[in-house]
Each structure stands twice: as structure tokens, then as C-alpha cells.
Amino acid sequence: MGLSGRLAAYAVSGAHVLVVEVPGWWETRAAVERALTARGWRTALSPADADVIVVCGDPGEQLSAVVDRVWEQLPGPRARATALHTDEVGAALDETALALRDDQHQRRDAGDRAREPAGGADRGDMDHGDMDHGDMEMAPGGIPLASGGEDRDGLEMDVLHVPLGPVLPHWPAGLVLRCSLQGDVVTEAQVEVLGPAAPSPALSAPADERRAARRCDGAARLLAIAGWDDAAAAARRTRDVLLDGGDRDDAARQLDRLASRVTRSLTLRWMLRGLGCVDGAAVAARGLPESARGDVHDRLVAMLRQSRADLRGEATADEDRAAATRAALPTLVRGLDVAAARLIVASFDPDTVGVRREAVRA
Amino acid sequence: MPDVAVTTVSGAWALVAALLVGVFAVAAASFDGALAARSAGGGARAGARMPLAETARLMRQRRRTTVAADGPLWRTGGGGLLVVALLMVVVVPLGSWTLADLAVGIVWFNAMDVVVWAVVWLAGWGANSAYSLVGGYRFLAQALAYELPLMFALTAPAVAARSLRVADVVAAQHGLWFAVWMPVAFAVYCLSVVAFSVWGPFAPAAGSDIGGGVLAETSGVDRLLLLAGRYALLAAGAAFAVPLFLGGGAGPLLPAPVWVLVKTLLLLAAFVALRRRLPALRPDRFVEAGWLVLLPAVLLQVLVVSVIVVARS
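Chain order of the listed sequences is A and B.
226 is the number that the numbering used here gives to position 226 of the first sequence; each next residue is one higher, with no gaps.
284 is the number that the numbering used here gives to position 284 of the second sequence; each next residue is one higher, with no gaps.
Excised from the complex, chain B in its bound form (with noise of 0.2 Å):
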């Protein structure tokens, strides 16, 4: 194994890391709001704006609350999809420059994607409403769907790097990205990322058919915090899998931490992109093929590459 040579910077850098996810939300929300003005037949430039108006109408909408709302659990589902993202960026190495160089940095990720179920669901529980509880079921059902394969993929570039240093990853695909060699844990790690932000597809916990379910009652500050956590989670996940199997910061002609920022670029739009192409999944019935088909065939995946690194010692 080689060593790698990961420097950690100091913790003020966090301030910066944090501007690159603002930023990359922003940029998701932008394309998202021009494929939308795009596809409803308005100027896909006037949507690119959205972000910048639904910001300005948000800080000066007022707050609002319901009837007997839970206010703590409330607002702190509320901030906490944005604080949970930023503290998944934490181990992404940008180049050969980390946050934080964590000997267990795959788990920290997993942990990190197990408190958006207590975030989500808090956001529903809060507000006292029908609606925002019903989102709130709806995510919980959608997270046993998704959470299993989800770390049985984070599982497989674990194996084949023999080790749960993200650093260690990166190294360990010098010459062939995971993302190549092993497609389904890849698969399924997207779709995940894409399920944990409560994105598109999987979308139902803040579906239209309930008002906007876990969104259903917030305004203002309120909104805005979770609107941006959710883009800010599908940024973290996309950054995320650029070490885990993009194969970090590797690529022709720039330099390493531009690669990273491309790449997890790339996988974002890709993200934004397909809410226009596939219906809501509804979880009562997703959760039918995350068990019978994802989970397997995950697994496998974990079998296939656990074979061929033992073989290859």
C-alpha cells in the first residue's frame, strides 16, 4: 500500500470548505431552476435566477408557526441537513489537502448519512401538522429502503482499499477508478445520495401530493435552511464519491484539487438531472426493490471485489 501524503490544514479552512458547498448548492439550484423554466416553457436563464429570488423572497418572508408545534425539534430539523453536509465534507480530500484525515473516514461518512434520518423526520414531527408527519413516515420507510445498500456500497471500495481512510481509497485506485470496477456499488451509492437528500425520484417525503410534506408548514429563514441543506447533501454525497470512486484527484493536465471540484460538478448536475427524467418513487413500493434487488446485489458486489483482492495478495 502506498503511503499517501495527505496534509491536514487547519480548521479555518472549514470556512472555505463550507463556501465550496454554498456555492455548489447554489449552482444546483440554478440548473435545476433552468431545467425546470426550460421544460415549463419560460427562459431557462430568467430560472437560472431562481436561486437568487427565492432567496431574497425567503429572507423577507416572516416565520411562521403552527399550533402546538414542537419549536426545538422543529428548527433543528430544520438547520440540521445543512450542518450534517457540512460535516461530510470534512474528510473529502480537496487534491492532497483534507479537514480532517479520519483513520475511519468511510464510517464517518455513514454516520454522517444516518443522522439525516433523525433530521428529516424531526422536520416532519415538528410542525404538529398532518402533511409534514405523513413526509416525515414517508422518509423513514424510503431510509429502510436505501440505508443497507447504501453502506454495503460504501463497504466494497473499503474492501478493495483494505483500509477506511479515505486517503487510502484514493490511493488505492492508481490506474483504475472503483467507479469502473465495481459499477453497482457505485450504483447504488449515487442512488443513495440521491434518496438521502430527498431529491427528485425520491422526493415523495416532500412530494406536491402533500403540500410539500416535510416542507409543509415552514416559510421564511425556516425554508430557506432546509431548501439549501437538501442541495448542500446532494453536493456532499457528489463530492464524496469523487475520493471514494472517481478516483480522487486524479486526471490530465490540472492540477489535482481542480479535478475533484469537476468532477464532483459533473456528478451533480448529473444528480439535478435526474429529477426531470424519472416519476417520484413511492417508498411502499421502492422498498420492495431495495430489499430484493439493490441489497443483493450489492452484496455480490462486496463478494466479487473481496474475491479478487484476496486473489490479487
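Next up, chain A with everything else stripped away, as it sits in the complex (with noise of 0.2 Å):
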């Protein structure tokens, strides 16, 4: 093996993957997240740093579009790769990594891609954000430029249209965001859904473990987006145990240990309470689910305890709520910057496995 077949060997033991999750498919995404610790690989925060992209479940026309102008930003050696199953991910990844082992194959890759990237206003998914209907002879690279808005503090400032989602890591899958920004605020903001290819029959009830699992999912994406990677790893690996079918008292002092950890950290308390306020009242006006009440706090401390119920079998019946909470976004996110925007939409957790379940009776 010369030089640079051991370097491409160093590289592939440590890619970077990302992950997009197709609504419907989150347990194929956390069998991908779990194969990705297993091997040493990391999940990619973004376009420009992945070497892979790893498609979970089966997108429809919108979502393909979107994970195909995402595959262009990769800077290459890059690999993609769709899994259905979560039996098909190990065999998906071990594709990845001969794909990116082979130069020959990268150096073809490479030669057919334009050199600079396609600029205009149709590539608003992962960066800059289509602007609005600027003079187009002022527009380097074929971007508009910014048009001003008046600020909070009544002077002109340039508003920037920036979708969040659908390809964001920590993100609901298929979820659409598209908020116009003044700095990093958020001053209007529109909700849409991009679903998988076909609607699949409707899901039945999730056992109690599944169920317990989704929550720790949720909990854990929470934890990620509020910068502690440590916690977010723990209620991943309790996630998985309960996943793999592993033991369940094991689980239940994880989730224990888990959120006693988090209702003692001062520090999280001060930079979740207060954010994203639900009262009753707002509650039953909204249709949104009893969980929902409180600030982003309330919730993820919520959102352990109802795992834990649901391990030890107290579970209460699962509504659909996805299409309130998702409703109910737009107006909870406005006037608040981008970090709390998105405490605020992963304390929701909005299931947009929901999307599956419209679609068939539609």
C-alpha cells in the first residue's frame, strides 16, 4: 500500500456521514448513528463537512431534489448510499467506504464536476438563503442581494430568506422551516413538510420500548442542540439499548441517571427556562398534546419522565398532535434568534412521522 493508499485507508476510518432522515424512518437513522460510533465514523454537520450521505428511508420527489443539490455541496471523495431497513445499514456503509477508498473512482467523480459552484436562487436548502427580488445587475454569483426591513429598533436592516431544514442535523425529519432573518432573527416563519415516496399503511401501535425510545430520541436531539454533546450521548445509548430490545431495568436506571443529571444542571436551566412558554390556555386553543405545556425546559424534563412511564408500562395513548405542533411553530419561533428557534422546535419533537398517517387517509 504506497502513501496514498494508507491516507485514504486514515481518512475512511474516520469519515463523516450525513445522515438524512425520510419521515417515517427514524429507526433506520439511529441504526445508522449507532453503526457510525461503531466503526469510529461521526455524523457530518454539514454539506461542506461530510464525505458521505446516507438516505434513510424512501424520499419523495421534493426530498430527493433537496438530498440531490446537498450530494453537489459534498466536496468530494464522496459516497451516498440509501437504506431502508436497519438490517441494510451495515452493508450501505461498507459500500460508502469502498467508494471512497477508490481513487480511480473519486478522480472520475472529481473531473466531471463543474469547478465552481452553481450559483442562483434555486439552491436554498443547506446556504445562502435565496434573497429577495433585488436589481439582478447587482447580483454576484447570480444571488440577489438583500433587501432592508425595518428591525426591532425601527432602523433599516437586510432580511435574508433562509429555510431551516429539511437536510440539518438534529433536525424533525422532512421539516421545512423557511424564516426570513434580520441578523439572527427570526421574523417570519412558514412551516411545510416534505414526505417520503409513498404513503405506507399506518403504523401499528408502537410497543412500549419503540415508544420509550422515540422519547429518548427526542430527548437526545434537544440535548445536542443545547451544546451538550455528553448528555446527548447518554440518552442516545439508552436509545439504543431499548432499540437492540436490551435489558429493560438496565434502560430504566439509564434514563434515572439521565434525568436526574439534567434537572440538576444549573446551567442548562438557565439557558432553556423561559424559552418557547406554552400555557394552558394555549394548550387547548391549539389542540397541541398536554406535554407540550411550559418552556423548552418543562418539556425535555417531560419528555424523559413519559419515557420512563412508558417503560414501566404506564404509558397514556399516543395522539396525533403533529399537525398542531407543527402549526403552532411559526408564531412560537418569531422574534427570537436561530438558537432558540431551534431549542424550540426540537423540544417539540414534532413526530413528522405523522405525515405517513395524513397521507393515507387523504
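Hint data in this document are derived by calculation from the structure and do not stem from the laboratory.
Virtual Cβ for every residue (Gly too), placed ideally from N, Cα, C.
One or more of the hints may lead you astray.
[Unchecked claim] Away from chain A, derived, C-beta distances all over 10 Å, residues of chain B:
#1 V9
#2 A14
#3 A37
#4 M50
#5 L73
#6 G95
#7 L102
#8 T218
#9 L254
#10 V262
#11 L281
[Unchecked claim] Over 10 Å on every C-beta distance to chain A, these chain B residues come out as not near it, computed from the model:
#12 V26
#13 S39
#14 M59
#15 A100
#16 G175
#17 L215
#18 L266
[Claimed, not checked] Taking beta-carbon pairs under 10 Å as the criterion, some of the chain A residues facing chain B (in silico):
#19 G14
#20 A15
#21 T43
#22 S46
#23 A48
#24 L98
#25 C277
#26 V338
#27 L343
Two chains, two frames, some hints: make the complex.
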């Protein structure tokens, strides 16, 4: 093995993977995350950071188009794969590892690509939010200049139109929040969902363990957004024990430890208190689930508590409130900065699995 | 004031200093990789090899650019952190050797950490991407919170030593380290180092919620420089704390240069480990604490130090 071969081997031993979850395939995504940890690979935070894209599930037309655009943004060497079922994950990752190490193939791929990134207003998925109709002659790189808008202090400030999602780490599958930003403050937002290719039959009611695992996954996502990687990793480990059909008591102990760590952390409380408050009246008026009451911190604690209740078999019937939750998001994030908006979205964990069921009804 | 014998060594030794910073940066990355792998349930040993794999990966990866990126500014931001870290260690004496025995060594360090403002902002601005830009905004807000407390924290040892020369500050700590009798200044200094290194709880500018923020659009060598720059800044900040607060090369048995390195390494490890303990401190909330708690506390510290110094003379 020559120098470049050895370099490639080392490089691939720590590949970064951008995981794209199609609504309804969260367990496949969880399996990918676990497989990455086992290999010493990591999840990528952005297309520029990624060597590999793994699509979990069967994306619909719009979501496919977004994935293709994101694929164009990978710097290369690059590889992509799709996994539908959890047992396909290992093979899919092996395949991408081979493709990454294949210098010939990568060189051909690089040769086929344009040197300059494609400009224009149609690439608004991850970066360069397509900006307002400006004077096209003043359009560096095909992006019209941002137009101004009244800021909170009465001065004029540029408005950027930036969609959050659907390919974004720790973000609900398929969700797109089309935001107007002034600085990093969301002044306006609209919700959209990019669904799977075909509506699949409604899911049977999930077992207690899977429901508990789902909530651990939600907590892990929120903790990751809050920047507490260690606690997020602990939540994911508990999730994986549950999905594996591991020891239920062991998982319960882990959950208790995590819950007490989360409730004890004064810093976390300081950061999450008072964000995205929903009072009892709003819960009733908007048809939100009862667990949505309170602020982001309350909802995080509730998520962990419910997960524990699921394990004890005290689960309350799951109601499908995904659509109502999604509809409430724009009002809640308006006027807040991106960090707060992301925490609020993660605190609801809008389960876009609801899309599949709605599609069946339609 | 005892006259301190520091020898200014030839500029060629700067290469050795740069090498040491590099070794410390790799050690920090390796330690972080091991901690991360252990907490994810993987093998700590494999995690410790992370810097090697990551370097290979980024060396092999193509650089990329974005539409209408501001190339020169963006690349300046990318390479700047590493340069700033190297310029910081110039005034850190390794035992009795130093690269530059400036009469205003502390001010030099302060000036360098202010350059970080520009560097991180340029890294965020240059990419012409919304997430990078938001990362840049966040860093400026964070810098507003830590910079003034940091300046006063740097003032306290200078007041106690009645000199801005780093060697004098070391000499003034005979018998009692400044970290012991000015703990507030030391704590604020440590927080600020972590903050200007965009590390751990002070990493919202590179947060996962905005796809890596100032890192979001970088790949290949550009990314490698930014990541290495962050670790190098942590290492440089830890190294400067040793002459300023931890008695320089003072210690039993081992020779002074070794003590400087050991103390730097221990402080660096503590900085790295801090990332595991705390969630991110969002700038919009932290800025309150910076101005209402840290700034008064460190001003009080400087007052106490000044009174003691006057009373003793």
C-alpha cells in the first residue's frame, strides 16, 4: 500500500456522514448513528463537513431533489447510499467505505464536476438563502442582494430568506421552516413538510420500548442542540439499548441517571428557562398535546419522564398532534434568534411520522 | 523587585515553540477524541486516534468554495487562529528562556486575543452563507461578554507584580502563586481562554444547530486550519496562564521548563474536559452574566489586589 493508499485508509477510518432521515424512518437513522459510533465514524454537521450521505428511507420527489442539491455540495471524495431497513445499514456503509477508498472512481467523479458552485436563487437548502427580489444587475454570483426591512429598533436591516431544514443535523425529519432572518433573528416563518415517496400503511401501535426509545431520541436531539454532547450521547445510548431489545431494567436505570443529571444542571436550566412558553390556554386553543405545556426545559424533563413511564407500562395513549404542533411553530419562533428557535423546535420534537398517516387518510 | 534572569533566545527557536504548540494541540484533540468516544460508548483508544484520522481525511478532501465568497477575507479568517496562537506563545517564558522579553508582554497577549474577534468574524463572513454569518454574529456577542472581564483579569497580576513584563510577573510569585490569592481573576482568565478558543460551552459560534456555524462551509485544508487553530489557541491560553497565575517554572524536583510544560498540559486537559460537563452558554444569556457578574467581580478582585499591594509597600 503506497502513501496515498495509507492516507485513504486513515481518512476513511474517520469518515463523516450526513444522515438524511425521511419521515417515518427514524429507526433506520438511529441504526445508522449506532453503526457510525461502532466504526469510529462521525455524523457530519453540514454538507461541507461530509464525505458520505446516507438517506434513511424512501424520499418523495421534493426531498429527493433537496438531497441531490446537497450531494452537489459535498467537497469530495464522496459517496452516497440509501438504507430502508435497519438491517441494510451495515452493508450500505461498507459500500460507501469502498467507494471512498477507490481513488480512480473519486478522480473520475471530481473530473465530472463543475469547478465553481452553481449560483442562483434555486439553491436555498443549506446555505445562501435565496434572497429577496433585488436588482438583478447587482447580483454577485447570481444571488440578488438582500432587501432591507424594518428592524426591532426602527432602523433598517437586511432581510435574508433562509430555510431551516430539511437536511440539518438534529432536525425533525422532512420539516422545513422557511424563515426570514434579520441578523440572526427570525422575523417570519412558514412550515412545510417534505414527505416520503409513497404513503405506507398506518403504523401499528408501537411497543412500549420503542415509544420510550423515540422519546430518548427526542431528548438526545434537544440536548445536542443545547450543546451538551455528553448528555446527548447518554440519551442515545439508552435509546439504543431499548431498540436493541436490551435489558429493560438497565435502560430504566440509565434513564433515571440521565433525568437526574438533566434536572440538576443549573446551567441547562439557566439556558432553557423561559424559552418557548406555552400556557394551558394555548394548549387547549391550539390542540397541542398536554406535554407541550411549559417552556423548553419543562418539555425536556417531560420527555424523559414520559419515556420512563412508557417503560413502566404506564403509557398514555399517543395522540397524533403532529399537525397541530407544526402549525404552532411559526408563532412560537417569531422574534427569537436562530438558537432559540432551534431549541423550541427540538423541544416539541414534531413527529413528522404523522405525515404518513395523514397521507393514508387523504 | 528581584531582577529576573530571562534569556532571550534566537528567533530560530520559534520553530521549536511552534512545534510544541502543535504537539499540545494534537494532544488536546486526542484527549477530546478519547473522551467523546468513551461517552458515545465506543473505544477510548480508537477515539484518541481521531486527530490522525481527521487530519488524513481533511488532507485528502477537496477544498470548496461558495457562491460569491469573499475569498481573501475567508482564507484570512481560516488561517488566522493558528497565527494568533503562535504569536501568543512568543511571550511565554519556558523556564528562563523566552522568545521575546517584551516590557509589555501582557498587553501583547491582550492585543493578540482581540485579533481573534476579527479572525472568527472573517471566517464567518467570508463564506457568504447564512449559517456561517450567524456563527460570526454569535462570536461577536460572546466576545462582548468576555473581553472586558478578561482585560481586568490580566490587569490583576500586572498590578501585583507592578510590571507588564511576563518575567517580572513570574518573579513576583515567589512563595505564593497568583492563582491562590487572586482566584477570581484566574477563573475569569480561564473562562475567557475557553471563550476565545470557541470551545466547549463557548462554542455556539460553531454550534451544531447552525451546521457548524463559522465552520459550516469549510472543507479540506481550510477546515483543518480552523480546527487546529482552535486547539492551538486553547494550548496558548493554557501556556500563558502558567507564568501569569501558576508560578511559571516553580516546582520541586523537575527543572523549570518541564514544570511549565506540565502545568500547561494539566490546564489544557481541564479546558478540554470542560466540554463534557456543561451545555453551551448561549451568548444572548451569557452576556448578562458577563457584564453583571464577571465584570464587577473581577473589578473587585483588582481593587483587593491593589489595596494589598499598596499596603505591603
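Quick rundown of the hints versus the structure:
no.: 1; hint: V9; result: 36 Å, holds
no.: 2; hint: A14; result: 29 Å, holds
no.: 3; hint: A37; result: 7 Å, violated
no.: 4; hint: M50; result: 6 Å, violated
no.: 5; hint: L73; result: 14 Å, holds
no.: 6; hint: G95; result: 36 Å, holds
no.: 7; hint: L102; result: 37 Å, holds
no.: 8; hint: T218; result: 6 Å, violated
no.: 9; hint: L254; result: 33 Å, holds
no.: 10; hint: V262; result: 27 Å, holds
no.: 11; hint: L281; result: 7 Å, violated
no.: 12; hint: V26; result: 14 Å, holds
no.: 13; hint: S39; result: 5 Å, violated
no.: 14; hint: M59; result: 7 Å, violated
no.: 15; hint: A100; result: 37 Å, holds
no.: 16; hint: G175; result: 36 Å, holds
no.: 17; hint: L215; result: 7 Å, violated
no.: 18; hint: L266; result: 21 Å, holds
no.: 19; hint: G14; result: 3 Å, holds
no.: 20; hint: A15; result: 7 Å, holds
no.: 21; hint: T43; result: 9 Å, holds
no.: 22; hint: S46; result: 4 Å, holds
no.: 23; hint: A48; result: 5 Å, holds
no.: 24; hint: L98; result: 15 Å, violated
no.: 25; hint: C277; result: 16 Å, violated
no.: 26; hint: V338; result: 6 Å, holds
no.: 27; hint: L343; result: 8 Å, holds
Checked against the numbered hints given earlier, this structure breaks hints 3, 4, 8, 11, 13, 14, 17, 24 and 25; the rest are met.
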